[in-house]
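There are 2 protein chains.
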Amino acid sequence: MTGLNVTQKLIGAHRVDGTMAPGAEIGLRIDQTLTQDATGTMVMLELEALGLDRVRTRTSVQYVDHNLLQTDERNMADHLFLRSACRRFGLWYSKPGNGVSHPTHMQRFGIPGDSLAGSDSHTCAAGSLGMLAVGVGGLEVAMAMAGEPLHLTMPRVWGVRLTGTLPPWVSAKDVILEMLRRHGVGGGVGRVVEYHGPGLAALSAMDRHVIANMGAELGATTTVFPADERVRAFLAYEGRAGDFVEILADPDARYDVEDEIDLSALEPLIAAPTSPGNVVPVREVAGEDVHQVVIGSSANPGLRDFAIVAAILAGRQAHPQVSVDVNPTSRQILADLTRMGATLDLIRSGARLHQTGCMGCIGMGQAPAVGRNSLRTVPRNFPGRSGTKEDSVWLCSPETAAAAAVTGRITDPRTLPDLLGIDYPVLTRPERAGVPEGMFEPPPPAEGRRVELVKAPSIGRLPDFDPLPDLLRGPVLLKLGDDVSTDEILPAGARVLPFRSDIVRLAEFTFGQIDEGYAARARQAGPHVVVAGGNYGQGSSREHAVIAPRHLGLRAVIAKSYARIHWQNLANFGVLALEFADPADYDRVGEGDELCVRRLRAELERGGDIVVHDVTGNIDFVVRHRLSPRQVEMVLAGGQIPLIRSRGAS
Amino acid sequence: MTGLNVTQKLIGAHRVDGTMAPGAEIGLRIDQTLTQDATGTMVMLELEALGLDRVRTRTSVQYVDHNLLQTDERNMADHLFLRSACRRFGLWYSKPGNGVSHPTHMQRFGIPGDSLAGSDSHTCAAGSLGMLAVGVGGLEVAMAMAGEPLHLTMPRVWGVRLTGTLPPWVSAKDVILEMLRRHGVGGGVGRVVEYHGPGLAALSAMDRHVIANMGAELGATTTVFPADERVRAFLAYEGRAGDFVEILADPDARYDVEDEIDLSALEPLIAAPTSPGNVVPVREVAGEDVHQVVIGSSANPGLRDFAIVAAILAGRQAHPQVSVDVNPTSRQILADLTRMGATLDLIRSGARLHQTGCMGCIGMGQAPAVGRNSLRTVPRNFPGRSGTKEDSVWLCSPETAAAAAVTGRITDPRTLPDLLGIDYPVLTRPERAGVPEGMFEPPPPAEGRRVELVKAPSIGRLPDFDPLPDLLRGPVLLKLGDDVSTDEILPAGARVLPFRSDIVRLAEFTFGQIDEGYAARARQAGPHVVVAGGNYGQGSSREHAVIAPRHLGLRAVIAKSYARIHWQNLANFGVLALEFADPADYDRVGEGDELCVRRLRAELERGGDIVVHDVTGNIDFVVRHRLSPRQVEMVLAGGQIPLIRSRGAS
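Protein sequences, first through last, are from chains W and E.
In terms of the numbering used here, the first sequence has 631 at position 631, counting the first letter as 1, and numbering is strictly consecutive.
In terms of the numbering used here, the second sequence has 232 at position 232, counting the first letter as 1, and numbering is strictly consecutive.
Quick caveat, the hints were computed from the structure, so don't treat them as lab data.
Honestly, I wouldn't trust all of these hints.
[As the list claims (entries may be wrong)] Now the stretches of chain W that chain E is said to cover, found in silico as 3 or more residues with beta-carbon under 8 Å:
#: 1; region: 90-97
#: 2; region: 328-341
#: 3; region: 351-362
#: 4; region: 384-391
All residues carry an ideal CB built from backbone N, CA and C; glycine is no exception.
Could you build all of it, start to finish, from the sequences and the hints given here?
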């Protein structure tokens with residue numbers, strides 16, 4: 001038997017179901033869960049609908065990091081609801097101001113070797129510690145809390161060997177941008193990215209977080225790093241040396257796919273609007289006017305990611321044309337930046353210090369003016385995600401962002417020494433992390449079940465969903481192109497997020513970025529179909545992007561291919577995800593066409609090809625599905641919750 | 001001749017028109033102006049409409065402190081427009097992040113003896129330095145920038161003699177709350193409040209800012225303090241010792257009205273929902289549950305107002321039920337708090353540190369949940385101003401706010417030593433203020449007139465307004481009670497502020513807090529009337545609260561009495577402000593009644609009683625106006641701008 005890689009070790013240790021052959025469905029035991037407020041209110045409503053008394057995971061943490069602007073009463077109502085739900089169901093509660101879930105979870109709860117399911121697509125960031133961390137839909141996190149295994153399609157393991165060391169002015173963000181430059185936003189679909197090789201030694205655990213986080217942008221199932229000496233040092237710095245467990249690939253480990261990056265050869269990279277996959281060298285776009293620089297988010301969350309910006313700006317003023325918006329990751333990191341003097345340097349330089357949390361990354365404020373370039377250290381620049389419909393958002397490292405903050409133009413940071421006499425800063429961090437006392441509310445003892453959920457009128461309930469009819473007939477209400485993100489299906493941002501707990505109201509925003517008439521047409525049409533190109537549903541894990549159109553009557557999507565989490569969410573809520581057997585048939589179906597599929601139950605259970613009849617065009621075409629028998633049953637029942645309820649009733 | 005008080009000296013030094021008899025219209029030369037973004041975009045559009053080339057004031061500063069959440073592209077579009085307008089017209093530009101206008105202006109530009117007109121009702125705060133500082137509508141600030149005198153009704157001078165010193169746990173906020181407890185929100189109408197007496201010596205210039213700021217809540221024209229040794233010390237601390245000018249009342253000065261407060265006898269006070277005039281001792285409401293504490297705003301803007309909260313919270317955790325929202329005043333004050341260690345204490349205690357600016361004070365985020373008590377150090381708690389329709393906002397000192405933050409209940413801070421062993425903190429501030437370099441962009445040299453205004457599509461233009469018809473006929477579309485604030489006429493907050501530069505869009509929100517159908521009915525009705533009780537239009541200076549209903553067809557208001565700024569704004573934009581000669585007639589007019597006034601021009605020019613015919617009720621009643629001949633001409637022309645244009649055309 002050959003040696004195992006880290007991914008195989010982690011999956012092997014948690015597998016309770018299925019075989020480890022790529023493409024097969026496997027079930028994994030989940031040790032920890034993470035929810036944030038934008039997806040978490042729905043998860044708590046799902047726990048209520050499931051009738052759960054108390055979570056069965058070892059550690060489940062509810063963060064409040066998304067919906068922080070509080071422009072009306074709904075936001076605080078959500079916070080009160082979440083806090084009560086944590087007491088009711090036995091979760092840790094991380095209140096507003098504590099910060100972004102992923103780095104905070106890594107710092108305070110991450111344990112090498114543990115499995116983590118999170119209702120946020122960037123949950124994979126915890127792979128930086130040697131965890132098996134997977135972003136999934138909220139309902140799957142709810143099921144994991146209920147003690148059920150998490151089901152995944154067994155991925156292929158993509159070994160990326162790192163050699164060399166990063167040159168000055170080049171940092172971890174440029175590593176993941178290089179991956180995106182090479183492979184694009186679909187490059188990781190069906191894969192786990194596992195980094196290995198001698199280059200790892202020079203990457204701190206938080207650098208690895210940067211790389212693992214944006215594995216989501218590659219479409220990867222997750223990203224995995226070994227738990228090595230750098231992880232040991234990280235946990236020691238965080239005051240948790242006792243939680244370290246060494247997990248290394250065996251010397252003779254093999255990978256399903258192989259790749260290599262020479263870190264020494266990297267240069268500053270930037271993703272141009274409007275996709276994380278549009279990566280070019282910074283020098284190729286240098287000189288473009290910049291009006292905003294946004295620092296923060298789970299993609300560059302580390303102390304060093306802010307401290308390097310502060311060091312570059314120290315004693316200087318930001319360019320008067322540039323709004324420098326700093327979103328500190330967490331209370332802990334802001335406290336340490338303040339101890340280091342970095343906070344003062346940022347304030348003095350003219351930066352705007354915002355409250356800790358996701359903020360600008362998810363369009364929670366900081367929307368740029370139309371067409372004005374905004375350079376951001378965040379993970380995504382999908383159209384409109386910033387809050388501005390015709391935005392121009394670029395993704396880059398903190399070094400590249402800081403260079404633009406000083407010059408007012410896109411600037412290769414390697415030119416700063418010559419241009420302004422700025423040397424690459426050498427940072428000195430505190431001896432150890434300053435962990436604020438009492439940051440979290442721990443789960444109460446077992447009598448929590450007597451706690452009443454605090455539900456303002458703005459906290460809705462989960463709509464009831466009916467089973468899939470055996471004769472599916474309905475119009476194609478939308479025909480979409482490739483790479484449609486969940487930001488486009490159902491936006492986040494300040495206008496929409498306040499309604500996250502109220503599906504009926506929220507549904508009005510469905511596909512609003514693409515077609516403002518969709519919601520009204522859907523209510524009129526009833527059962528209907530959406531047709532899409534490749535990589536449908538990329539981006540955020542929000543299951544609202546399924547629940548809301550499902551509420552409006554969406555029963556099936558026919559696409560060339562799907563992003564993993566959205567595909568799972570569709571099944572969870574009883575929407576049939578079909579794929580064109582011949583992608584060329586995509587061109588034969590028109591918006592408005594009436595489609596029809598007969599004997600659906602038998603067809604789905606049989607597997608294989610299904611014939612769709614296009615009544616309008618009077619043509620037939622063939623589709624397939626990749627649903628497991630478990631998922632078929634779920635979809636036929638109308639979704640996971642109706643299925644569980646029907647079992648309880650029988 | 002008897003000696004002069006400070007008010008008389010200041011008015012005397014700036015009077016260019018009228019006599020100093022209370023009730024007469026006077027014209028004042030204006031040295032400085034202050035605009036903020038929520039009112040400033042309209043002011044810049046007015047400068048453009050007036051055809052001004054370059055401001056004629058000595059110092060005019062444009063701040064960006066209100067509209068900072070940037071939930072869509074309009075906010076940054078406003079910032080770009082304002083910056084270009086500053087270059088075009090020769091103003092100082094204070095960018096987002098620099099902080100709240102009033103304390104920042106005081107610290108960086110305030111000069112004892114100068115006159116200041118500001119398009120913000122709290123402009124009066126600069127009276128703390130011995131300035132004559134008046135909050136007015138934007139158009140009057142625009143006229144002042146054009147070198148025109150500012151017209152006011154000569155107020156009576158209300159001398160408030162202060163004796164004693166404040167006890168521990170009682171601070172400046174309690175002094176102005178005591179004034180509001182005694183006199184209510186209309187107590188200062190037609191008056192300037194001038195503080196004098198031996199108690200002044202113990203109040204710093206920034207303490208005086210707290211008291212002067214909320215003079216606006218008394219309805220006073222402004223508040224005045226002498227420029228004495230405490231002001232000298234303040235300017236020296238700010239690195240501007242050279243700007244000090246001593247201005248003291250003559251020893252035999254007299255006041256039109258006299259009052260006295262023994263500071264030693266004060267106790268912690270709090271204004272209960274939903275008016276700054278609902279003041280009670282904190283001890284009377286102690287024990288009520290608290291879910292939010294908001295620290296900041298121009299009402300408690302000083303370093304000590306934050307440092308005292310930090311000192312009380314230092315080494316403790318905020319109560320887990322309470323969201324402690326800290327809105328630092330300005331970049332300068334946040335930097336100094338950081339130097340002092342107070343920022344770190346706040347972060348560690350669990351407070352949420354928001355960006356510098358007005359923020360929660362104007363409902364720019366931080367909206368509380370319905371009915372949950374929010375204790376705030378801000379100046380106003382009008383219904384819905386927090387962003388939550390059924391809010392429960394209380395106004396108090398930083399000491400009282402901090403006590404609630406620690407205990408989760410309304411708590412008399414004097415009980416903290418016994419309750420929790422917390423002694424009244426002794427604060428040590430830095431040796432001198434740390435003034436950030438290059439905080440402002442200075443006005444460019446004269447070639448500024450060639451700068452083009454940067455106008456995104458969301459920057460509208462000022463609508464054209466027609467002259468007042470000689471036969472005024474229209475329905476009473478709304479009948480309102482007493483003390484209706486401009487927050488209720490046209491809200492601020494995150495939902496509405498983004499449209500501040502676009503009157504047509506903004507008008508949809510008019511009276512939305514009171515009657516959501518008003519805008520639609522008004523568009524249908526055309527010319528119409530609003531009937532109101534006493535103190536109509538109190539609160540914010542926003543002239544949008546006139547321009548928007550005027551755009552919808554409002555031609556006259558008939559009220560028992562008016563708040564000063566709103567009354568002036570009505571005249572500026574050609575809306576006739578009438579008063580019931582017999583307040584009892586208020587009860588005889590019904591919503592929906594058709595009203596009619598004939599020969600309006602002759603009636604207005606004649607002065608005295610005007611007969612209004614109520615067609616519906618078939619009754620007549622008598623109204624009056626207090627407009628000067630200057631204002632009558634303006635109203636007949638349709639407002640100040642049509643008047644100026646008609647002069648230019650003739």
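Each hint tested on the structure:
1. 90-97: It holds, with 3 qualifying residues against the three required.
2. 328-341: With 5 residues close enough to chain E, the hint holds.
3. 351-362: holds (count 6)
4. 384-391: holds (count 5)
Against the hints set out earlier in the document, no violation occurs for any number.
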